[in-house]
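Engineer: Here the sequence shown is numbered in the working numbering, starting from 26 and rising by one per residue.
Check the hints yourself; a few may be wrong.
[To be verified] Here are the in silico distance ranges between beta carbons for each label pair: (1) VAL86 to ASP42: 30 to 38 Å; (2) ASP96 to ALA28: 24 to 32 Å; (3) VAL86 to THR31: 27 to 35 Å.
Hints were generated in silico from the structure; no laboratory data involved. Cβ atoms here follow ideal geometry from the backbone N, Cα and C, with glycine treated the same way.
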Amino acid sequence: MTASGTLAFISGQVAIDESGQLVGPGDLAEQTRQCLRNLENVLTQCGVGWADVLRFTWYLVDVTEVQVVRDVRDEFVRPVLGERPNPASSLIQVAGLFKPEFLIEVEAVAALP
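Use the sequences and the hints to build the structure in full.
Structural biologist: Okay, structure coming up:
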């Protein structure tokens, strides 16, 4: 995470747990959940939460699976945002991530208090 003024730029989160192990091999939904759990931890360390996220950038190996990502994202953000719109998002298809078993990576920009 890098802070600049009132913004936090949170670098890419992948599906690794606290011990550095891959979570959800071959399972996009579970990998997305772990990415978002990791992102939530960083947000908490910054003193902010889902309501403060301004933008997501998603890197996905197979963009035909985007609905899986949307559904999991909504598990995390909809309870907090209620009727407010989701943060801005960009989805980028990639040929691969830094390890072939990773299916998704997410970055975020959040407003700091």
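Engineer: If a hint holds in the structure, say so; if it does not, say that too.
Structural biologist: Results of checking the hints against the structure:
no. : hint                       : verdict
1   : VAL86 to ASP42: 30 to 38 Å : violated, 20 Å
2   : ASP96 to ALA28: 24 to 32 Å : holds, 31 Å
3   : VAL86 to THR31: 27 to 35 Å : holds, 33 Å
Consistency note: the structure conflicts with earlier hint 1 alone.
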